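Number of protein chains: 2
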Amino acid sequence: MASNVSESPVPTISSDDPGVTELFALLAYGEISAFYRLSADAAKAPDLRGKVALASMAAAEMGHYERLQEALERRGVDIYQAMEPYVQALEDYHASTTPSTWLESLVKAYIGDGLAADFYREIAGTLSGEVAEIVREVLSETAHSTFVVDEVSKAVAASPQTKARLTLWGRRLLGEAITQAQYVAARREELADLVLAAVGDINHLVELFDRMQEQHEVRMEALGLV
Amino acid sequence: MASNVSESPVPTISSDDPGVTELFALLAYGEISAFYRLSADAAKAPDLRGKVALASMAAAEMGHYERLQEALERRGVDIYQAMEPYVQALEDYHASTTPSTWLESLVKAYIGDGLAADFYREIAGTLSGEVAEIVREVLSETAHSTFVVDEVSKAVAASPQTKARLTLWGRRLLGEAITQAQYVAARREELADLVLAAVGDINHLVELFDRMQEQHEVRMEALGLV
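The listed protein sequences correspond, in order, to chains X and Y. Going by the UniProt record's numbering, the first residue of the first sequence is number 1, and it counts up by one from there. Going by the UniProt record's numbering, the first residue of the second sequence is number 1, and it counts up by one from there.
One thing to keep in mind: the hints can contain errors.
Copies of the same chain look alike in the list, so a pair counts if it works inside one copy or between any two.
[What the hints assert, rightly or not] Heads up, simulated EDC-like pairs for lysine to aspartate or glutamate below, C-alpha to C-alpha not over 20 Å straight-line:
id, residue 1, residue 2
1, Lys163, Asp92
2, Lys51, Glu73
3, Lys51, Glu151
4, Lys51, Glu91
5, Lys154, Glu73
If you are wondering where the hints come from, they were derived from the structure by calculation, not from laboratory data. None of the values given here were measured: they were computed from a predicted structure.
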């Protein structure tokens, strides 16, 4: 049976593939930048409950970061050096998608994290045991997304204008994420090789992006956005 | 034998004392405000290592917050409502001690957390089993303070000016903490009663402040400040 990522994939990438270090480093800086984005966005929280919700989400990202730090240390890698090449792309993503309202912050936390999780989960299927486990662990959804879905769908149901604005915002997040992913792929060869090896070939990569788009739509609907 | 907090104290305050809810609520908002202070201060970090260290410290505060939230829920208390009376005092403390440099941020994280921990630990000795355990747990020192001690003592050893400035800063932190503690004590009767019951009487309260001052000096010395 051919290895096909859209069916049930079999591990094809060994844990000492150099791309694994790159993947962990990218994930690690992703957690750090998400931490700072969430804690800065919380300043716009309308009440204590929202402030606490975003702080808890941010803290969960650091828990994941520490898991990756541990994994990189076991590989003998200096995490700070390893993260360096990914700083710019992630900062650019956040700079180009700075929320201007509290609701935009919530949509970004939910949609952005979801997109990243979809992508890494697709890759995880072809990674060997322990590596796949770490990737899945650091992407585990937190209970806090319920808070986001409740807040956003309530606001959207109450105002067609809010709905229209947030729908555009959700699309823009997808676009900016793709832009930065392409930037990273073009500059980090070992990571790009790992992704290609994970999906099989270019055709399967296109299918992967289609599936991500579908998952994105499912999340937009969960928020009451179309 | 008389109950004396400076010897080995025996639990004198039952877990259903209304002051316990107040104490948990104060501790809980303390964690939230520390989270936001640390994550905002991290913007001044000179490198990725510093940025990560402060984010980890902030995340640890949220872990403690969640422990307190759980404890308050078990007591049938709405944590958001319970924290409300403490928001102003803690925000005022942070507003009056906003660090203007990275080193001031580090000193504040270390000295401020230490002062709070000393105070709560003194009280914990007279609280009944489970309550005392929660208080001690959320005050447990994190491994991150080693980072602070290293960074600050290195900078202080290299520059007498830095040393002089940070010594004044450390004193100011103590002064502002006392100011806000007095403000809280004057306004929250049940909490003030709990503290007095915990220490025994006014004379013992004075002794407690003397011990806190001594502990403060020990921490200042650990940072290379006199």
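Cross-check of the supplied hints:
With identical chains, the CA atoms of lysine 163 and aspartate 92 are never at most 20 Å apart, being 26 Å at best within one copy and 37 Å at best between copies. Taking the shortest alpha-carbon separations for lysine 51 and glutamate 73, only the inter-copy value of 18 Å comes in at or below 20 Å, while the best intra-copy value is 33 Å. In this assembly of identical chains, the alpha carbons of lysine 51 and glutamate 151 lie at most 20 Å apart only when taken from the same copy (13 Å versus 30 Å across copies). With identical chains, the CA atoms of lysine 51 and glutamate 91 are at most 20 Å apart between copies only, with a shortest distance of 14 Å across copies and 23 Å within one.
Neither within a single protomer nor between protomers do lysine 154 and glutamate 73 lie at most 20 Å apart by alpha-carbon distance, with minima of 44 Å and 25 Å respectively.
Checked against the numbered hints given earlier, the structure breaks hints 1 and 5 and satisfies all the rest.
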